[in-house]
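My request is simple: use the sequences and hints to build the entire structure.
Chain order of the listed sequences is A and B.
All the letters of the first sequence, read from the start, carry residue numbers 1 to 87 under the working numbering.
All the letters of the second sequence, read from the start, carry residue numbers 88 to 494 under the working numbering.
Certain hints may be false.
[What the hints assert, rightly or not] Ranges between beta-carbon positions, derived for each pair:
| no. | chain 1 | residue 1 | chain 2 | residue 2 | range |
| --- | --- | --- | --- | --- | --- |
| 1 | A | Arg68 | B | Arg356 | 17 to 25 Å |
| 2 | B | Ile346 | A | Arg20 | 32 to 40 Å |
| 3 | A | Gly63 | B | Val267 | 46 to 54 Å |
| 4 | A | Arg68 | B | Leu442 | 46 to 54 Å |
| 5 | B | Leu388 | A | Gln66 | 46 to 54 Å |
| 6 | B | Val267 | A | Gln75 | 50 to 58 Å |
| 7 | A | Ala45 | B | Leu403 | 25 to 33 Å |
| 8 | A | Thr43 | B | Val267 | 39 to 47 Å |
| 9 | B | Leu442 | A | Thr43 | 35 to 43 Å |
[What the hints assert, rightly or not] Simulated coverage check for chain A against chain B, where a stretch passes if three residues somewhere in it have a Cβ under 8 Å from a Cβ of chain B:
| no. | stretch |
| --- | --- |
| 10 | 5-12 |
| 11 | 51-62 |
| 12 | 68-76 |
FYI, nobody ran anything at the bench for these hints, they're computed from the structure.
Idealized CB from N, CA, C, for every residue including glycine.
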Amino acid sequence: MILRFIGALWCPSCLVMRPRYRHYCQEKGWTMEELDFDLEEATIAPWEIGGTLPVAIILDEQGQEQGRLVGEHRQDELQRRLGVFVK
Amino acid sequence: MRFIRARYQQVLVLVLFVLSLLGATGATPLPLSESSANAVTVHFFYSPTCPHCHAQGEWMDQWVLTDDQLTIVRYNISDPANYALLQTVAGVFEESLVAVPFTIVGGKHYVGYNDNVRVRIEQTVTRYHQNDYVDIMAKIINEEPILPSDFDTTSDQVFVLPILGAVDVQHVSLLLIGAVIGLVDGFNPCAMWVLLFLIALLLGAKDRKKMWTLGIAFLLTSAAVYFAIMLSWIETVRLLGANAILQTIIGILAIAAGIWSFYRYNQQRKKDTGCEITSEPRRKQIMQRLRTLVQEKPLLLAIPGIMFLAVSVNLLELACSAGLPILYSEILIVNQVSAGASIGYLLWYVLFFLLDDLLIFTGAMVTMRLTAFSNRYVRYTHLVGGAIMVFIGLALLFFPQLIMFGW
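What follows is the structure, given as structure tokens:
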């Protein structure tokens, strides 16, 4: 699985969530792609991320979106919500 | 006020230093008057068999040696005439407890003796040295009529607490409420994003000197802007005079702002907790300016640039949190805090306002990693801030005594 993390340098929630996603991906052997909201606008635009950061988009091997998580989530909540994508 | 006392001591030391210099150069220093203080009489009813009376008597023996404008008149209640006088005095002060030690200073009376009583008596005597007062005891002895205005209704503001020693209620209350409001105000995320972005750029610069200098320049300028706005508000209100209409308007606005904060908290509670993407063009403009300053400009040019940016960002973002600093300023006004002391309290407020920023900045500079407080906690500042605003608003409108500490 691929976790595409969209955050910004100025966003406290992104700073809080980034290490949590990294840790999760490392644990599960997922690939984590990090995109900067301000620097990679063109790449991000097609994903229509809405008005809140960070956004984590879960993709399968074919690049098809399987789901997304928006904003901050506690560690246990993250495990539970990402757990549904673990094969 | 501790600030005033500290300031007074500093000024006194400076004056004495200048006077000593004048003396050393042969100039004649101005004679310091022996004492320009009013004479004060303390009336002390005691019993030779009462241990508290003995303790108070011993303290007064020492005290009177240090104050040449102080007279202590002692009344031994073993003498029936003095006991009868004590009963009369207690009746005048409407004191149901006719017990010793019983002390009368001007328009105030104290029953019993402990550290609190001692400090209060000292404080009252000090105040009377500087101000006119009515000696009710003298009036009783001279059989003059006692007027309601003869009683000193000024509250005793000092309590002696274990470890802390003498504590001024007004001073401590203003410091405490300043710390709480400042902290809640500081967690307001409006200007936080600029600091985070600046730190991220500074970490990328890998130049320690530049990192510390530009970061501190930004934080100090932010503090100065806040301080200046709050002080301007206080001075404007002082110029306008104590204005009940203005107080009413601020009270109403505070309640409205508080309700708005509750609404925002409720809205955010329903949504995902995260960073809202708003004001994109302005944010991009500020980010570009920061990039240029940190990455392209030499340090000496970057400093004024960062300072200018901090001023503009804080002024623009002020609407986000103006309620709380203005309300704290209003509390200082309601408590009739002097101009000098107000500066101290405002600096205290700004220190707490900046505390979260200072923690994030220092943490990043030391660990070279950027961390931040979760927006989950920031959300609750709307709730707490709203509650504070509604409370102060209601107090300004209906119960000003609730925010008049130590009166």
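These are the hints, each one checked on the structure:
1. A:Arg68 to B:Arg356: 17 to 25 Å: holds (21 Å)
2. B:Ile346 to A:Arg20: 32 to 40 Å: holds (35 Å)
3. A:Gly63 to B:Val267: 46 to 54 Å: With a Cβ separation near 51 Å, A:Gly63 and B:Val267 satisfy 46 to 54 Å, so the hint holds.
4. A:Arg68 to B:Leu442: 46 to 54 Å: Violated, since A:Arg68 and B:Leu442 (Cβ atoms, about 35 Å apart) do not stay within the stated range.
5. B:Leu388 to A:Gln66: 46 to 54 Å: The hint (46 to 54 Å, Cβ to Cβ) holds, given that B:Leu388 and A:Gln66 are roughly 50 Å apart.
6. B:Val267 to A:Gln75: 50 to 58 Å: Violated, since B:Val267 and A:Gln75 (Cβ atoms, about 30 Å apart) do not stay within the stated range.
7. A:Ala45 to B:Leu403: 25 to 33 Å: holds (27 Å)
8. A:Thr43 to B:Val267: 39 to 47 Å: For A:Thr43 and B:Val267 the Cβ distance comes to about 44 Å; the hint holds.
9. B:Leu442 to A:Thr43: 35 to 43 Å: Since the Cβ atoms of B:Leu442 and A:Thr43 sit about 38 Å apart, the hinted range of 35 to 43 Å holds.
10. 5-12: holds (count 5)
11. 51-62: holds (count 4)
12. 68-76: holds (count 3)
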